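Now for the letters of each chain:
There are 4 protein chains.
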Amino acid sequence: MGYHEFQQCIDACLRCAAICNHCASSCLQEKDVKMMTKCIQLDMECAAICYSAAQLMSLGSSKAEEMCRICADICNACATECEKHKHMEHCAECAKACHECAEQCMAMS
Amino acid sequence: MGYHEFQQCIDACLRCAAICNHCASSCLQEKDVKMMTKCIQLDMECAAICYSAAQLMSLGSSKAEEMCRICADICNACATECEKHKHMEHCAECAKACHECAEQCMAMS
Amino acid sequence: MGYHEFQQCIDACLRCAAICNHCASSCLQEKDVKMMTKCIQLDMECAAICYSAAQLMSLGSSKAEEMCRICADICNACATECEKHKHMEHCAECAKACHECAEQCMAMS
Amino acid sequence: MGYHEFQQCIDACLRCAAICNHCASSCLQEKDVKMMTKCIQLDMECAAICYSAAQLMSLGSSKAEEMCRICADICNACATECEKHKHMEHCAECAKACHECAEQCMAMS
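Those protein sequence lines, which keep their order, are chains A, B, C and D. The numbering of the first sequence is the numbering used here, which starts it at 5 and goes up by one. The numbering of the second sequence is the numbering used here, which starts it at 5 and goes up by one. The numbering of the third sequence is the numbering used here, which starts it at 5 and goes up by one. The numbering of the fourth sequence is the numbering used here, which starts it at 5 and goes up by one.
So here's chain A without its partners, still in its complex pose (with noise of 0.2 Å):
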């Protein structure tokens, strides 16, 4: 397995990679930071492992799968805590990507 294999993962995870970024630095602009600190520790699992998954991916890893196994739960984790605050934009957005590359990562591993 390759790049073109798993690009429609790669994408997904690079995607929640960025937006999980985002979302972890819009997260501390808000009024109300202390609600958001499990998110915001959260984009920052999420986006490691994220782009590592990806690194993996792209780079035809045999370890590949196993990433993906690991990059779905912290995206799970993530959308799950995104999804108590939706009614802020970036956390509606991140549960979105987070959902979507847990489901690409699910299919790989």
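Hints in this document: simulated from the structure, not taken from any laboratory. Wrong hints could be hidden among the right ones.
Since the list can't tell identical chains apart, any single copy or any two copies may satisfy a pair.
As the list claims (entries may be wrong) - Computed cross-link-like contacts, DSSO-like style, restricted to lysine-lysine with a CA-CA straight-line distance of at most 30 Å: (1) Lys88 / Lys67; (2) Lys67 / Lys35; (3) Lys67 / Lys38; (4) Lys100 / Lys90; (5) Lys100 / Lys88; (6) Lys100 / Lys42; (7) Lys67 / Lys100; (8) Lys90 / Lys35; (9) Lys88 / Lys38; (10) Lys67 / Lys42.
Note that the structure is a prediction, hence the values are computed from the model and not measured.
Let chain A serve as the given structure and place chains B, C and D on it in line with the hints.
Chains B, C and D only, in chain A's frame:
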């Protein structure tokens, strides 16, 4: 400036990072690897800088534009090298992604 | 220039990246998170740039020095912010790591 | 578990990531590159996973241990390959760093 203002450039950077990883890995499987060494080296550098430019942009960092300037330089160098081997699909694809990323980064910086 | 010439600076960057991640995560657990938001934001930016500077140096990239210049700027900004909260162990530790990294990066660039 | 509990493992992962980058780049300059292709491929994968394991550990993620398990596998594969070329300084250094990282990661996971 934040995620949404930078979005096209972020997308181009992330796409370029993934395709550079794929190109590096594919170059290693070519019969005449010796001919591909400069390409692999630039692929690795380009993937690293593209991802970190995307990170700074998605975080809304005040240093994002400066980063885009370095990113454009490495993308251009990688595109030039890949074009020498554009009869190989991965290099043609990578040259295209690097060009697009360099253009987006130049527009940002 | 390659890994061995850059080694001290690479070590400082990687150490700084890890400590910034730790500081961001620890800040989120502080009682008065509102006070820490600028710190968390800069921690995230600093971790991203430090790692990518380390990557370019360890790859022996011709763009490593330019990257070190941006890295020094973000490290200095992060150190300044962390010093405002240096009664917190994680911020004191982070300010120190950022200062050391900025110095090494300035020497390189 | 957070940064301080994981510190030895984080240090080993970051050191391994940097040395893998250096090894990949050095392998590309060897006369017989063809012989080094598997090594370069594993160097790239190993650098990616080592850094992301270090990130998750320094963020205190609940998924850090699982990540360390995958990291240990790739480190071991990379060490085995590098040992075949241990007459080259960069491969000897890389094999050592990979072994140490794999041990630390096994202890964590």
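Verification of the supplied hints:
| no. | hint | in the structure |
| --- | --- | --- |
| 1 | Lys88 / Lys67 | between (33 Å within a copy, 22 Å between copies) |
| 2 | Lys67 / Lys35 | between (41 Å within a copy, 25 Å between copies) |
| 3 | Lys67 / Lys38 | between (37 Å within a copy, 23 Å between copies) |
| 4 | Lys100 / Lys90 | within (10 Å within a copy, 37 Å between copies) |
| 5 | Lys100 / Lys88 | within (12 Å within a copy, 37 Å between copies) |
| 6 | Lys100 / Lys42 | both (17 Å within a copy, 27 Å between copies) |
| 7 | Lys67 / Lys100 | both (26 Å within a copy, 21 Å between copies) |
| 8 | Lys90 / Lys35 | both (15 Å within a copy, 24 Å between copies) |
| 9 | Lys88 / Lys38 | both (14 Å within a copy, 20 Å between copies) |
| 10 | Lys67 / Lys42 | both (29 Å within a copy, 15 Å between copies) |
The structure meets every hint from the earlier list without exception.
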